[in-house]
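In order, the protein sequences belong to chains A and B. Heads up: the first sequence runs through residues 1 to 217, numbered per the working numbering. Heads up: the second sequence runs through residues 1001 to 1301, numbered per the working numbering.
Hints should not be assumed to be uniformly reliable.
Said to hold, decoys possible - Derived contacts from chain B toward chain A, CB cut-off under 8 Å, selection only: (1) L1175; (2) V1206; (3) T1213.
Worth flagging that the hints you see were computed from the coordinates, not collected in a lab. Positions of the beta carbon are idealized from the N, C-alpha and C atoms, including for glycine.
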Amino acid sequence: MISFSQVRKSYRGGYEALRELSFGIESGELVFITGRSGAGKSSLLKLIPAIERPTSGTVLVNGQNIGSMRRAAIPFLRRNLGLIFQDQKLLYDRSVFDNVMLPLAFTGHTYKDAARRARAALDKVGLLAREKANPITLSGGEQQRLCIARAVVNRPSILLADEPTASLDSTSAGEVVEMFRSFNQVGVTVLIATHDEALVQRLNPRVLALSQGRLAA
Amino acid sequence: MSHWLRQHGQTLVLTLKRLAHNPFATTLNIMVIGIALALPLGGYMLLQNLGGVAGQVTGHQQISLFLARDAEKTDIAVLDASLKQIPGVRALRFISRDQALESMKQSGNLSDVITALQSNPLPDAFVLETGGSAAELEQLELQLKALPKVAHVQLDSAWVKRLESLLALGRMAVLILATLLACGLVAVTFNTIRLQILTQKDEIEVSKLIGATDSFIRRPFFHLGLMLGAFGGVAALAIVYLCMQILNRRILELAQLYGSDFSLSFFDLPDCFALLAFAAILGWLGAYMSVSRHLYEIEPR
């Protein structure tokens, strides 16, 4: 489903975020990407939705080559991915409900259908009662759950989360991780980047440990 | 097709909501565009009205045709027949030399001089009713001069020429003004859309990240540009209409002093729609330029 082979990513100024990285992820897997900050976790996650392009090597997502993908094709790749960002990227000028409606605006759903889906997603993360609230009034854990609702509302086959528990207390972090596990159990491929060792140990999933842009042994 | 229509419908509602959400800024924007358009539009309306008056005046032009002294009755009959053949001549009146003398006697102050005369010094004459532009009148004058037994053709086309070139000058001025202010309108929408893009920077970035196509992101800004232009056009029409009503009160008083019922008249419906379409297209153009310039600057990192 996702395959990296000999992937190198360097930024202007010569900084190398990823070097000769190769691995494959099958459909339905739950994978943690670990490593200290600066190890290349975010760079890796940004390659999959083509936010960044590899400097060399091949990144394949659902059989599509990210490196050579046309600009116009990128939106359609992203619609099949659920993205949870490190900095959340919630919109504070609209309600919780409208935040979840955003990905449905351009997929051709009628308003009724879109609203039904948005409420289903909010229900799944336990925020249905807060749909009219502004995201700024939500707690950290609730905001993170809202990000998850927005990521899954389009029913993506792959879910990518960058440090989803970074700013959460352990109880909220546990809830969030449980949510990812339940999506994985219904067949969604889940990739989570984290530096939280305790979290990883609790789930005992497959782990890709990064160190200085390479897979640690 | 229905998907496309629905998306446009949703965008339209969204854009209107956005405009209504910020009524003060929206009103100011529309006013700026409206006033910018109202200036050349008002000038154009005045010119149209003046052109109408000029047409009425130049439409009734008289040419006097004085015959040679030796013209006989048969010559006059031949001339009368050939004048009637000329297409520009609408009406024709013959004034014999005796009639002319008689009317001069009637007119008063010259009667003493005239009675003292041994013989009638006046020639026979035709008075032609005609009309048309200065060039057409001159053409006709040449044609008349070439006729047999015609001694002199009197036509005053100089003032028609002056009026025409004055109107042409006015049209040129309005055209220049319109071009400049059309550029102004494009600049205003360009800037408005730029600000709107900046305000929605976060939303655009997130939308790109979750799979919105470029055309989806561009669409609301195009709608916004179109609407600003069209609303500006409505404002311009309203401004010109109001000014016309105010002017008309004075003009009517003035016209009555000249025994005329002249008043300014407004554009007809097709003209109004053409203006609205033109304004909307200019708004769209400003939006297009702004979007192509600024939207690519917002690329998620």
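B:L1175 was flagged as interface toward chain A. Is the shortest Cβ-Cβ separation under 8 Å? Hint on B:L1175: violated, closest Cβ of chain A at ~41 Å, above 8 Å.
Take the shortest C-beta to C-beta distance between B:V1206 and chain A; is it under 8 Å? 5 Å, holds
Does the CB of B:T1213 sit less than 8 Å away from some CB of chain A? Holds, about 5 Å.
In summary, the one numbered hint that this structure violates is 1.
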